[in-house]
Amino acid sequence: MSDSILYARGIRRSFLSSGKEIEVLKGIDINVQKGKLVILKGRSGSGKTTLLNILSALDMPTGGQVFFDETDITNVSEKERELVRRKKIGFVFQSVALVPIMNAYQNIDFVLRMAEYEGDRDERIKHVLGLVGLEERMLHMPLQLSGGERQRVAIARAMAHKPMIIFADEPTGALDTAAGLNVMRLFKELIRVENMTIVMTTHDQNLMQMGDVVYEIEDGEIIGRSENTN
Amino acid sequence: MITLLIGKIKNRKLLNLCLLFGIVLFISVAICTPMFEYGSYNRLLQSDFDDYIEKNNREPIVLSHMEQIKTDSPLLIESCMTQMQDYSDIWEKYLPAEKKSTLKLFKLPDTKYEREYDVNTGMVGIYVIPDAMSHLEILSGEMYGENEYECVILQSTMDYTGILSDETITLPNIKDKMGTATKLKVTGIAEVKDVYDEFWITDPNTLNNAVLVSESLLQKLITNCNLVNYEYSVETSFDYRGIDCRDVEDIKYYLEEFGSKDKYFENSCTDTLIEYSFGQKEIEVIIRVVEMPMLALLLFFIYTVTGQILSLETAEIALLRSRGYYRKDIILLYGRQAAVLSVIGIVISIPIGMLMCVMAAMADGFMTFTLHSIASYRIVYPMFIYALIAAVCVIAVMIIPVIGYSDNDVVGNRKNKMGSNKSFIQKYYIDVILVVVTGYLMYNYVKQTELLAADIVSGKSIDGMMFLGVSFFIFSCAVLSVRLTKYAITLVYRIGNKKWAPNLYASFLELQSKNTKRDFICIFIVFTLSSSIFQANLASTINTNSDMRVTYDDGADIVIMEKWIPEKKADPVNKKMVRYYVEPDYSRFEGIRDDGCSMTRVIRDNSVTVRANSIPLTECEEMAINTKEFGESAIPIDGLNSEHYYNYLNALAGTVDGVLISRSIADYTGALVGERIVYEKLSDLDGNSEDNKVTMSAVIVGIFDAWPGYKRYEYKRDDNGAEKLHENHLIVTNYANDVNCFGIVPYEIWVNTDKTKTDGEFVREYCEEAGITLDYIKDAKEDIAITRNSSKFQITNGLFSLEFVVSILACTVGMLIYWISSMKQREMLFGIYRAMGMSMKEVVGIIVNEQIFASVTSWLFGGLFGILTSVFGVKLLATVYLPYKHSVPLNTVIDYADIVKLLAIVMAIIILCIYIMKKLMQSSNMAQAIKMGED
Numbered sequence: 001m002s003d004s005i006l007y008a009r010g011i012r013r014s015f016l017s018s019g020k021e022i023e024v025l026k027g028i029d030i031n032v033q034k035g036k037l038v039i040l041k042g043r044s045g046s047g048k049t050t051l052l053n054i055l056s057a058l059d060m061p062t063g064g065q066v067f068f069d070e071t072d073i074t075n076v077s078e079k080e081r082e083l084v085r086r087k088k089i090g091f092v093f094q095s096v097a098l099v100p101i102m103n104a105y106q107n108i109d110f111v112l113r114m115a116e117y118e119g120d121r122d123e124r125i126k127h128v129l130g131l132v133g134l135e136e137r138m139l140h141m142p143l144q145l146s147g148g149e150r151q152r153v154a155i156a157r158a159m160a161h162k163p164m165i166i167f168a169d170e171p172t173g174a175l176d177t178a179a180g181l182n183v184m185r186l187f188k189e190l191i192r193v194e195n196m197t198i199v200m201t202t203h204d205q206n207l208m209q210m211g212d213v214v215y216e217i218e219d220g221e222i223i224g225r226s227e228n229t230n
Numbered sequence: 001m002i003t004l005l006i007g008k009i010k011n012r013k014l015l016n017l018c019l020l021f022g023i024v025l026f027i028s029v030a031i032c033t034p035m036f037e038y039g040s041y042n043r044l045l046q047s048d049f050d051d052y053i054e055k056n057n058r059e060p061i062v063l064s065h066m067e068q069i070k071t072d073s074p075l076l077i078e079s080c081m082t083q084m085q086d087y088s089d090i091w092e093k094y095l096p097a098e099k100k101s102t103l104k105l106f107k108l109p110d111t112k113y114e115r116e117y118d119v120n121t122g123m124v125g126i127y128v129i130p131d132a133m134s135h136l137e138i139l140s141g142e143m144y145g146e147n148e149y150e151c152v153i154l155q156s157t158m159d160y161t162g163i164l165s166d167e168t169i170t171l172p173n174i175k176d177k178m179g180t181a182t183k184l185k186v187t188g189i190a191e192v193k194d195v196y197d198e199f200w201i202t203d204p205n206t207l208n209n210a211v212l213v214s215e216s217l218l219q220k221l222i223t224n225c226n227l228v229n230y231e232y233s234v235e236t237s238f239d240y241r242g243i244d245c246r247d248v249e250d251i252k253y254y255l256e257e258f259g260s261k262d263k264y265f266e267n268s269c270t271d272t273l274i275e276y277s278f279g280q281k282e283i284e285v286i287i288r289v290v291e292m293p294m295l296a297l298l299l300f301f302i303y304t305v306t307g308q309i310l311s312l313e314t315a316e317i318a319l320l321r322s323r324g325y326y327r328k329d330i331i332l333l334y335g336r337q338a339a340v341l342s343v344i345g346i347v348i349s350i351p352i353g354m355l356m357c358v359m360a361a362m363a364d365g366f367m368t369f370t371l372h373s374i375a376s377y378r379i380v381y382p383m384f385i386y387a388l389i390a391a392v393c394v395i396a397v398m399i400i401p402v403i404g405y406s407d408n409d410v411v412g413n414r415k416n417k418m419g420s421n422k423s424f425i426q427k428y429y430i431d432v433i434l435v436v437v438t439g440y441l442m443y444n445y446v447k448q449t450e451l452l453a454a455d456i457v458s459g460k461s462i463d464g465m466m467f468l469g470v471s472f473f474i475f476s477c478a479v480l481s482v483r484l485t486k487y488a489i490t491l492v493y494r495i496g497n498k499k500w501a502p503n504l505y506a507s508f509l510e511l512q513s514k515n516t517k518r519d520f521i522c523i524f525i526v527f528t529l530s531s532s533i534f535q536a537n538l539a540s541t542i543n544t545n546s547d548m549r550v551t552y553d554d555g556a557d558i559v560i561m562e563k564w565i566p567e568k569k570a571d572p573v574n575k576k577m578v579r580y581y582v583e584p585d586y587s588r589f590e591g592i593r594d595d596g597c598s599m600t601r602v603i604r605d606n607s608v609t610v611r612a613n614s615i616p617l618t619e620c621e622e623m624a625i626n627t628k629e630f631g632e633s634a635i636p637i638d639g640l641n642s643e644h645y646y647n648y649l650n651a652l653a654g655t656v657d658g659v660l661i662s663r664s665i666a667d668y669t670g671a672l673v674g675e676r677i678v679y680e681k682l683s684d685l686d687g688n689s690e691d692n693k694v695t696m697s698a699v700i701v702g703i704f705d706a707w708p709g710y711k712r713y714e715y716k717r718d719d720n721g722a723e724k725l726h727e728n729h730l731i732v733t734n735y736a737n738d739v740n741c742f743g744i745v746p747y748e749i750w751v752n753t754d755k756t757k758t759d760g761e762f763v764r765e766y767c768e769e770a771g772i773t774l775d776y777i778k779d780a781k782e783d784i785a786i787t788r789n790s791s792k793f794q795i796t797n798g799l800f801s802l803e804f805v806v807s808i809l810a811c812t813v814g815m816l817i818y819w820i821s822s823m824k825q826r827e828m829l830f831g832i833y834r835a836m837g838m839s840m841k842e843v844v845g846i847i848v849n850e851q852i853f854a855s856v857t858s859w860l861f862g863g864l865f866g867i868l869t870s871v872f873g874v875k876l877l878a879t880v881y882l883p884y885k886h887s888v889p890l891n892t893v894i895d896y897a898d899i900v901k902l903l904a905i906v907m908a909i910i911i912l913c914i915y916i917m918k919k920l921m922q923s924s925n926m927a928q929a930i931k932m933g934e935d
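Which chain is which? The protein sequence lines are V and U, in order. Here the first sequence is numbered in my numbering, starting from 1 and rising by one per residue. Here the second sequence is numbered in my numbering, starting from 1 and rising by one per residue.
These are computed hints drawn from the structure, not numbers from a lab. Hints are supplied without guarantee of correctness; some may be wrong.
Claimed, not checked - Result set (EDC-like, lysine to aspartate or glutamate): computed pairs, CA atoms no more than 20 Å apart in a straight line:
(1) Lys79/V / Asp122/V
(2) Lys193/U / Glu142/U
(3) Lys711/U / Asp759/U
(4) Lys87/V / Glu842/U
(5) Lys79/V / Glu842/U
(6) Lys841/U / Glu78/V
(7) Lys175/U / Glu215/U
(8) Lys88/V / Glu149/V
(9) Lys185/U / Glu146/U
(10) Lys498/U / Glu78/V
(11) Lys93/U / Glu266/U
(12) Lys498/U / Asp122/V
(13) Lys261/U / Glu284/U
(14) Lys499/U / Asp176/V
(15) Lys499/U / Asp69/V
(16) Lys841/U / Glu118/V
(17) Lys88/V / Asp120/V
(18) Lys261/U / Asp244/U
(19) Lys716/U / Glu291/U
(20) Lys162/V / Glu70/V
(21) Lys693/U / Asp605/U
(22) Lys162/V / Asp69/V
(23) Lys498/U / Asp120/V
(24) Lys55/U / Asp718/U
(25) Lys185/U / Glu116/U
(26) Lys499/U / Asp122/V
(27) Lys498/U / Glu123/V
(28) Lys778/U / Glu590/U
(29) Lys36/V / Asp3/V
(30) Lys499/U / Glu118/V
(31) Lys841/U / Asp122/V
(32) Lys499/U / Glu123/V
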């Protein structure tokens, strides 16, 4: 467990719908190790996004515990959870990837300010944009970028403040296959260069081989775990 | 289609409600206009008639025919009476007014009379006034007998001629065929039964030589004495209260027709109606120019909310287009929505428009309302036409933005969003150009203020562009404020660029981004606040200056003049009876002084001839004063003369035969301080021959520009009806010296009521209790109230108050809609901020910061531009209300208390908006939106 950055035990999550309680997650255990690309796969409605929300301190489980960086984040105040999200976690969202009123540079600057980044922000922004190959387009507004470019900026933003882990929900969902593959290659590159850990969801079978660990979820339960040793 | 329409409206309940709110306000103001115009015109008309009564003490609508005739043979009075009735009947038939009464007078030309016991003779008129006796009461004696050589005289005739009851007068020039002079026995003295009796269109007391006889006697005299010269007059009065402003043109037409067909026709109301027509045009212009910006503001509001709805429905429009809807179908769909809202708007607006009208009618100051009669404000049919026109305007304004949106597809939307970060106005400096152009326009008007005042005085109608120019300037400043706000934001952002917390960083970037709707709201706030401050200052300037002028003209808080009865004495030198005055006991007024007031006697004579440097000036006014008491009692006039007011009084007090002269005399004659002038005036009451004139010499001890009670400038109508400036001259002398030289004459008593409870009512009551009959009383407070009640003042104040209320309502709702919908639109964005770890408090901080830099900056600019426009423009518009040249010059009055009140109201609204938004944010979906997969 020494390499484990995130460990969840017996995660349950249920919602009330039309007066009925629906259990979306039924006691999930998961262990994420540092420097790995972990993929949660499953069909729509399988509960993978709900699990991702709980793992990333965005949502609270109905039962179970989540340990992040050796802290039980299901048992701390909202303020502490905010701090965790702010400094230790990076997010890549599915569609609204970037803040529309900020250009690429400002989007990243915003996250650095959130995380109270202590280094040279300008240098860091240019570095991460360079990593995703968009240094030349840093003053472009989101609407002036293509879908793939926007997602690359979102990834640069997610990693800019050097978080311990990045959560990405369907980061390739809105992209064509080639752009999707580029994003995955970028993730792999980040893990290699920045020693990041990435947890992402996807239902795209073509991308599974690129993950280090793949969890298969169905009806709120993990039905399979596979590791890619290549 | 209907289901879709209802669904669309339901889908955006809040925004559609706000849109309906704007529509209701717009249609209400439109509906209010004809009702307010109608009421204002009627109010003006009635006030003009009331002024006529006040000035002339007689009915304002009297049509008359007065003729002197000479016949070949004696006339039958009855036939003349029938003819008189015919005139009256014709007037009654055509004039759209209700007849009140008809007074017919038939008389013989004035003829000499002789009394039994008095050698003095005079002239009397022998009158027949049908039905007069029912309206007179016999004070002594009895009624004349029919067909008898008897008559009744009025008390005024008795006072004037000295003829007494039971006396027989001889008319030497009315002789029968035998050459015997007619003798009439005065059987009684009569007086008007009721001074308010409508029968007496002409007050019989003004006929101070009238001898009333029966018709049968006069007919007998005419026949027996073969009289062929007569005079007759018929007067018919009409009820002015029933006259409607819409009938004025008809009345003018008929009066002109009567005049063209009857050379002896006269009427008392043409001048009043001309005066009314002039005032009506002025009011029409004022209403139009004050309402226009208000209506434009509301259309702007409707346009903004429609744009807001459309921006939220872009996806729906694209969906409809993809389902095969043509562009015209989309326009039609929104057109129907606009029509439905407009119809609902009309229904709601009718009572609201009427309420607005009532509110405006009750204003007698800016945002000061008094309960008074508003009977002249009635429902008029053009209200419904205006409502329909307003509805059509609303539909058009709502459709205009749809035209653009109806062609939007995804690519088009994106192109729009990718456009320049600067609006067209800012990119091409349209705002700066607008401020320069409108500022120059206003500057030009301000430069011509005196010329414009002269135009208004001479009867030219008000140039509406004067008002609109100011509104345009304020609007341009409001547009410019958007640029200035952006500069301020950029400056603040850059100053702390590296240090800003993430929420402020996001907030500043949002504020710097292009946001047309937020710009609209800022323009709205600045325009509303600036206009309101300007209007409050205009009202304050008009009221304060008018009050100062009225007080200055009166001279003191209260001025009273006791009725003095002259006495007679024989003048052995000239062998005639002369009349003179004996001063009543002045100590009777001490009761007024007991109340703590100071008072003084002031002799005023406006028929003095002044000679300086051998240049004569006739019809000058003299004011003889007790300097010490005058200094305590008159209204001080500091700052209007080159020296302090008290220096003049001291100079006069130090020289018994000293005189202060007005600058007008000095300018006209070239007289200087230290030189001597001579002035002359009548020494007694009888006649104005040179024998009665006494000349005095006096040394000039001071030359003044202004003096309490001295109206240097006066406007008199010339033959063309235009008002021409006339300069009055005044000399001020020592009271004691004046009485010593010219004898005592009736004087005014000037009372200073400062810091006491004394008012006109108290003085009236005091005098009544003390048995003092007053000739007149001038109460500055009452005069101020009368001026403030003038139709033009009240109508303007009403409109300004209405505009303020409407603007504030639209501004509040506009701000709320914008910020709420802006928050709703950014709910997901705030969710992302929250997901990234931003606390709720920090998210609220974003909104607060945006409010500070958008609303609060607009608030500050609103205040700034309001004061700036007031400083430059208030005097210009105040000239419209006080165009006459006056010793007290027109000064801009900026009432900071009013400004603070207005700023506080708007700030309270901003705080309320922030509070509502904070509450909404806390209950929003933002907490849920932070989860991934729900963005």
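Quick rundown of the hints versus the structure:
no.	hint	verdict
1	Lys79/V / Asp122/V	28 Å, violated
2	Lys193/U / Glu142/U	15 Å, holds
3	Lys711/U / Asp759/U	23 Å, violated
4	Lys87/V / Glu842/U	16 Å, holds
5	Lys79/V / Glu842/U	12 Å, holds
6	Lys841/U / Glu78/V	12 Å, holds
7	Lys175/U / Glu215/U	18 Å, holds
8	Lys88/V / Glu149/V	24 Å, violated
9	Lys185/U / Glu146/U	13 Å, holds
10	Lys498/U / Glu78/V	28 Å, violated
11	Lys93/U / Glu266/U	17 Å, holds
12	Lys498/U / Asp122/V	10 Å, holds
13	Lys261/U / Glu284/U	33 Å, violated
14	Lys499/U / Asp176/V	39 Å, violated
15	Lys499/U / Asp69/V	29 Å, violated
16	Lys841/U / Glu118/V	23 Å, violated
17	Lys88/V / Asp120/V	18 Å, holds
18	Lys261/U / Asp244/U	25 Å, violated
19	Lys716/U / Glu291/U	33 Å, violated
20	Lys162/V / Glu70/V	18 Å, holds
21	Lys693/U / Asp605/U	13 Å, holds
22	Lys162/V / Asp69/V	14 Å, holds
23	Lys498/U / Asp120/V	11 Å, holds
24	Lys55/U / Asp718/U	19 Å, holds
25	Lys185/U / Glu116/U	11 Å, holds
26	Lys499/U / Asp122/V	13 Å, holds
27	Lys498/U / Glu123/V	14 Å, holds
28	Lys778/U / Glu590/U	19 Å, holds
29	Lys36/V / Asp3/V	10 Å, holds
30	Lys499/U / Glu118/V	12 Å, holds
31	Lys841/U / Asp122/V	27 Å, violated
32	Lys499/U / Glu123/V	16 Å, holds
Violated hints for the displayed structure, listed by number in ascending order: 1, 3, 8, 10, 13, 14, 15, 16, 18, 19 and 31.
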